[in-house]
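K.L.:
The lines below spell out each chain.
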Amino acid sequence: MSVANHPPGQSAMEESPQSHGAMKMLRNIVTTREFGILAFLLICSLLIGLLRPTFLTTDNILNMGRQMAVTCIMAVAMTFLITAQELDLSVGSILGFCSMGMALLTKMFGVDLWISFALSILAAVLLGVLNGVITTRGRIPAFITTLGTLYIIRGFTLLMSPWPVSQIDAPLFYDVFAGYVGPIPTQVLWMLGIVIVGHIAMTRTRFGYYVRATGSNKSAAILSGIPVNRIKVLCFVLTAVAAAFAGGIQFAHLGSVNPTAGAGAELTVIAAVVIGGTALFGGDGTIIGTFLGAALLTVIRNGLVQLGGEGRLQEAFLGAIIIIAVLIHTYLRRTPGGAADK
Amino acid sequence: MESAVPILEFEGISKRFGGVQALEDVSFAIPRGEIHALVGENGAGKSTLIRICGGVYRPDAGSIRFKGKEHVFRTVHESRNAGISIVHQEIPICPDLTAAENIFLGRALPKQGGLIDWREVNRRTTALFAQLGVRIDPRAQAASLTIAQQQLVVIAQALSLESDLLIMDEPTSALNQEETSNLFAILRQLRDRGITIVYVSHRLEEVFEIADSISSLRDGHYIGTVPKAGATPDQIVRMMVGREVTNLFPKVVSDFTPAPLLRVRNLAAQGLFSDVSFDLFGGEVLGLVGLQGSGTSDVLRSLFGKTPVSSGEIEVNGKPAHFRSSLDAIASGIAYVPANRQAEGLFSTLSVRDNGALLLVRRLARALGLVPLHELDRQMRAAVQRFSIRTSSISASIGSLSGGNQQKVVIARSLSTGPLIVLLDDPTRGIDVGAKAEIHHILNELTAAGCGVILVSSELPEVLAMSDRVITMYRGRVRGELGREQIDHEVVMRMATGADGAVGASPAPALSA
Ligand SMILES: Nc1ncnc2c1ncn2[C@@H]1O[C@H](COP(=O)(O)OP(=O)(O)OP(=O)(O)O)[C@@H](O)[C@H]1O
Ligand SMILES: [Mg+2]
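Chains as they are written, first to last, in our numbering: chain A, 1 to 342; chain B, 1 to 513.
Mixed in with the good hints, there may be bad ones.
[What the hints assert, rightly or not] One-sided excerpt, in silico: chain B residues whose CB lies under 8 Å from chain A: (1) V72; (2) H77; (3) R80; (4) I93; (5) C94; (6) P95; (7) D96; (8) E101; (9) L109; (10) P110; (11) L115; (12) L460; (13) I487.
Simulated from the structure, these hints should not be mistaken for laboratory data. Ideal Cβ positions, reconstructed from N, Cα and C, are used throughout, including at glycine.
Let the sequences and hints guide you as you build the complete structure.
P.N.:
Laid out in structure tokens, this is it:
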């Protein structure tokens with residue numbers, strides 16, 4: 001599965017005879033574009049692990065898995081959107097709006113939390129359609145549309161409740177979204193499930209194929225009969241729904257929701273996507289890369305805390321990581337034998 | 001069976017874009033089972049008509065009858081499902097997708113357990129390429145293919161649909177002679193199997209080689225259809241242009257300067273070409289002929305400082321020159337017109353003036369970098385006059401011009417620096433006969449003024465007719481050199497395809513005398 005976004009390349013790997021399969025497999029892994037970021041992730045983890053033995057314990061790894069789930073889930077959907085050459089800056093606001101709406105419905109009107117959650121997903125569908133239709137029909141950049149909706153949606157969230165909402169009784173909900181299966185947090189299971197489904201959707205389904213074509217050359221896609229606007233709107237919807245879903249998970253974990261929940265999440269999410277190697281200008285997206293990107297962000301955050309790094313320095317470090325990761329991708333893409341030459 | 005019914009009939013088709021009437025009341029029919037050429041100047045409306053057939057545009061008025069049945073194609077799928085497949089002009093390809101993914105875009109896909117079976121997609125693509133004699137790895141990313149290969153992918157896609165009607169809008173614009181004749185062989189086979197082909201090209205010799213009959217559009221109007229048998233090129237040109245263009249290649253021989261303007265010795269660029277030596281005299285057009293990938297375009301790019309030189313010497317006007325960038329080359333009096341107008345020549349969001357005056361700005365700028373706009377406008381209006389660029393005004397968007405006029409703007413920009421040496425890479429690609437002749441006149445003016453010109457062209461008759469001397473290249477090396485009286489189509493082709501048997505004939509000794 002390492003040839004994440006070059007599906008036709010995948011078959012080459014499957015076809016490789018078992019005899020010298022190991023060598024070939026190794027080469028195939030090394031030449032994928034996710035390899036750079038994977039290597040970077042492993043090196044960072046090992047370095048931190050050497051300095052702090054508590055870092056690479058099963059407990060801490062699972063803990064980091066839980067920490068990254070919210071970002072990663074949104075980033076998987078955002079990968080589709082960016083691959084289709086669009087962008088959503090309003091994911092953080094959508095997360096806040098949906099989880100606040102859900103909490104209020106249950107708290108004030110006594111609606112069952114599951115139904116509130118379903119309604120919040122529905123609201124996200126509508127918000128995604130809104131973002132998508134304004135962008136495609138209005139022919140304005142998604143950057144502008146979603147910059148606007150970022151403020152609008154956050155405004156409504158603050159209007160709904162300027163104070164945090166908490167103390168909602170729904171044990172099953174908490175168990176499903178923030179419980180444990182054995183030692184594994186359910187957030188990690190949800191995240192892995194979404195990553196796998198996302199990867200398959202990107203590489204092996206018509207939808208993923210059309211998303212990549214749309215982002216790669218819109219007019220060629222139109223000439224091939226692909227409904228590019230519908231594809232784009234669908235990606236906006238997917239992203240918004242992922243944000244609402246992530247909101248549910250975050251709520252289950254914290255047991256409360258703040259009107260500022262999710263503020264700034266858009267940047268972390270986009271960072272995870274580009275660190276993972278998805279082209280910011282569309283056409284070329286990798287879900288596995290996004291997963292690794294979100295993991296790298298979490299490893300650095302968590303690692304710096306363990307190393308006793310100063311909070312403010314953490315931000316500076318993350319910024320550097322973003323630039324280094326994209327430099328690595330660009331370099332690998334240029335080098336003969338790098339992913340771009342496959 | 002019903003061969004009397006034409007496969008495709010246009011009835012009163014009109015289409016307007018804003019202020020431009022692209023098609024007006026176009027009615028004609030295309031008989032079943034022939035190769036039917038559609039010709040016309042840039043902006044005549046050929047591509048618009050084709051896009052209407054393909055469900056990309058909807059006509060403002062009129063209708064299409066396909067196989068005797070009236071159709072309004074609202075989507076690409078409707079047209080495709082009815083049995084029409086189209087190769088569009090602008091080589092629509094998704095650079096991030098593989099060749100195979102491009103071939104299967106928008107089509108039924110082989111599936112396995114509900115998921116796309118890429119292995120099968122690749123297998124079918126391999127089979128398709130083999131059948132067409134195309135050597136492209138189905139798994140290669142489209143961005144890594146040459147333009148010619150990309151064009152072949154697009155052609156293969158259309159051919160694989162096995163439609164009853166195949167429409168090709170300038171399918172050979174990026175292909176070399178060999179690839180073109182391969183394509184023609186396939187087209188003839190298809191025709192013999194009863195498939196109708198509509199073929200658009202600006203290359204008259206192609207049209208005469210392949211077509212059974214020829215229809216012409218001019219300024220959005222249908223002019224007429226003639227059978228090829230009995231038609232003459234002059235007649236076709238008259239139908240396209242509406243006036244006589246007596247000489248397609250109006251070559252005027254000028255006097256050469258005694259000393260060379262440009263001396264190139266043992267020039268090499270890593271992996272592209274090596275050991276290239278020649279002299280270029282003032283007043284001379286030097287044709288560089290070679291197949292795609294033979295290095296001709298790369299030599300031009302190196303001479304303009306765009307491709308780094310790994311060894312060798314360049315002398316301009318007797319002085320050694322080292323170009324680290326295009327700016328150095330421009331400063332030495334060299335001008336360059338790139339082959340890929342859309343990607344390298346045009347600023348698609350800027351006006352005609354801003355496209356044409358870019359290099360003037362530097363020269364006209366005053367203190368603090370302020371540019372006297374009235375002077376810029378004056379010079380641009382003069383350029384529009386000199387090169388007869390047809391545009392509503394110099395502030396019109398470059399996109400509103402036809403391809404030929406866009407190209408003239410690019411040429412005007414390159415020449416605005418008053419260069420001594422002009423490098424032209426395929427200056428007339430995709431340009432109609434009228435505009436071509438005008439560009440050839442510009443060539444004559446340049447040589448008359450004592451400039452030296454190096455011409456690379458995808459159209460062999462053009463280089464052969466316009467050059468005073470021809471150097472052929474094969475696989476990055478100079479193959480030979482022919483003076484004006486020796487220039488012969490067949491000889492040049494043999495040298496350019498490496499079929500002449502000569503091994504690395506170096507022109508340097510002959511030249512340095
Ligand atoms: N989408 C569009 N918007 C505005 N004007 C257009 C559009 N498409 C075509 N036109 C205009 O319609 C006219 C016909 O264009 P068309 O592309 O059909 O010409 P053509 O015969 O194919 O020319 P060429 O030989 O250069 O390809 C031109 O004046 C062109 O500028
Ligand atoms: Mg056209």
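K.L.:
Now tell me, hint by hint, if it's right for this structure.
P.N.:
Right, here's what the structure says about each hint:
The beta carbon of V72 of chain B is not positioned within 8 Å of any beta carbon in chain A (closest approach about 16 Å), and the interface hint is therefore violated. Because the closest C-beta pair between H77 of chain B and chain A is about 5 Å apart, less than 8 Å, the hint holds. Against a cut-off of 8 Å between C-beta atoms, the interface hint on R80 of chain B holds, since the closest Cβ of chain A lies about 6 Å away. The beta carbon of I93 of chain B comes within 6 Å of a beta carbon in chain A, closer than 8 Å, and the hint placing it at the interface holds.
A distance limit of 8 Å between C-beta atoms decides the matter here; for C94 of chain B the minimum to chain A is near 4 Å, and the interface restraint holds. Interface hint status for P95 of chain B: upheld, as the beta-carbon distance to the closest one in chain A is roughly 6 Å, under 8 Å. About 4 Å separates the beta-carbon of D96 of chain B from the nearest beta-carbon of chain A, less than 8 Å, and the hint is met. The beta carbon of E101 of chain B is positioned within 8 Å of a beta carbon in chain A (closest approach about 7 Å), and the interface hint is therefore held.
Taking 8 Å as the C-beta cut-off, the interface hint given for L109 of chain B holds, the closest approach to chain A being about 7 Å. This hint is violated: P110 of chain B has a C-beta 12 Å from the nearest C-beta of chain A, more than the 8 Å allowed. Residue-level restraint check for L115 of chain B holds (minimum Cβ-Cβ distance to chain A is 4 Å; threshold 8 Å). With a cut of 8 Å, the hint placing L460 of chain B at the interface with chain A is violated, because the nearest CB-to-CB distance is about 30 Å.
At about 39 Å, the closest approach between the beta carbon of I487 of chain B and any beta carbon in chain A exceeds 8 Å, and the interface hint on this residue is violated.
Checked against the numbered hints given earlier, the structure breaks hints 1, 10, 12, 13 and satisfies all the rest.
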